[in-house]
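**Q** Residue numbers (our numbering), protein chains in the order written: chain A, 0 to 144; chain B, 33 to 116.
Hints may be right or wrong, so weigh each one.
Unchecked claim - Quick list of in silico lysine-lysine cross-link-like pairs, DSS-like style, CA-CA up to 27 Å:
{"#": "1", "chain 1": "A", "residue 1": "64", "chain 2": "B", "residue 2": "83"}
{"#": "2", "chain 1": "A", "residue 1": "72", "chain 2": "A", "residue 2": "7"}
{"#": "3", "chain 1": "B", "residue 1": "63", "chain 2": "A", "residue 2": "46"}
{"#": "4", "chain 1": "A", "residue 1": "78", "chain 2": "A", "residue 2": "112"}
{"#": "5", "chain 1": "B", "residue 1": "48", "chain 2": "A", "residue 2": "60"}
{"#": "6", "chain 1": "B", "residue 1": "43", "chain 2": "A", "residue 2": "60"}
{"#": "7", "chain 1": "B", "residue 1": "43", "chain 2": "A", "residue 2": "46"}
{"#": "8", "chain 1": "B", "residue 1": "82", "chain 2": "B", "residue 2": "43"}
{"#": "9", "chain 1": "B", "residue 1": "43", "chain 2": "A", "residue 2": "64"}
{"#": "10", "chain 1": "A", "residue 1": "60", "chain 2": "B", "residue 2": "83"}
{"#": "11", "chain 1": "B", "residue 1": "83", "chain 2": "A", "residue 2": "46"}
{"#": "12", "chain 1": "A", "residue 1": "60", "chain 2": "B", "residue 2": "63"}
{"#": "13", "chain 1": "A", "residue 1": "7", "chain 2": "A", "residue 2": "25"}
Source of the hints: derived by calculation from the structure; they are not laboratory data.
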Amino acid sequence: MGTVMESKVRIQREDFSVTDEIEAIKKSSRNIGGIVVFLGTGRELSKGENITRLNFEHYPKMAEKKLEELRVKAIEDFKIIDMSIIHRIGEIDIGENIVLIVAAGEHRAEAFKACEWAIAELKRTTPIWKRETTSTGEVWVQDTP
Amino acid sequence: MIIIRYFASLKSIAGKEEERLDLGSETTVRKLSEVLSQSTPRIGEMIQGKKIMVSVNQDVADLDTVIRDGDEVGFLPPFSGGSK
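Extracted from the complex, chain A is given alone in its bound form (with noise of 0.2 Å):
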């Protein structure tokens, strides 16, 4: 089963397995009828430029906590059974695993509803910035205010 760990809410450097995630949010309910999952990877070209590499940082604790207090809103809003949440941080290559978010409901529209919302408000609420490097130089993007 890979490295699957308990936490469903979790900011680590390593790469994780979309697979293992997926059967471990399974787990949690013999209701689930429908998994719907949200991978972020990390692009070449942002704003014209190509991008050699990014590097995330995250504020420890306070990001945790937000990730969570985001998983438990989108299961009591959406009625969804179950969110598991995965951001990773540090130095990451171009078409690397990001981010993942499963949502898992008795049906896949709430599913569906329940992950877009995720990934929009993890990106607005989490304190995780991205840096990219190009042939340029280094930045900090801050397109999410």
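On the provided structure of chain A, position chain B as indicated by the hints.
**A** Chain B in isolation, oriented as in the chain A frame:
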């Protein structure tokens, strides 16, 4: 003594990741921003102009939030986690 933590782009503006200040037993975010304006005017302006978020003990704060001795204050530029 309060602990101040700067994140992402603010680290290079402040020239440090962390600092400790003694502002008595109780102060506010507004008063702290006034103190910081003397050493780093840009940081003070960003706090007062609400260009950055402030946290006290990992909770989102505003200008009137009280800061007590031993608290941790975070200065947080706009977030950019996740992925588009």
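**Q** Each hint should be assessed against the structure and marked as holding or not.
**A** A quick look at each hint next to the structure:
| no. | hint | verdict |
| --- | --- | --- |
| 1 | 64(A) <-> 83(B) | 23 Å, holds |
| 2 | 72(A) <-> 7(A) | 14 Å, holds |
| 3 | 63(B) <-> 46(A) | 39 Å, violated |
| 4 | 78(A) <-> 112(A) | 10 Å, holds |
| 5 | 48(B) <-> 60(A) | 20 Å, holds |
| 6 | 43(B) <-> 60(A) | 19 Å, holds |
| 7 | 43(B) <-> 46(A) | 24 Å, holds |
| 8 | 82(B) <-> 43(B) | 17 Å, holds |
| 9 | 43(B) <-> 64(A) | 23 Å, holds |
| 10 | 60(A) <-> 83(B) | 23 Å, holds |
| 11 | 83(B) <-> 46(A) | 23 Å, holds |
| 12 | 60(A) <-> 63(B) | 25 Å, holds |
| 13 | 7(A) <-> 25(A) | 12 Å, holds |
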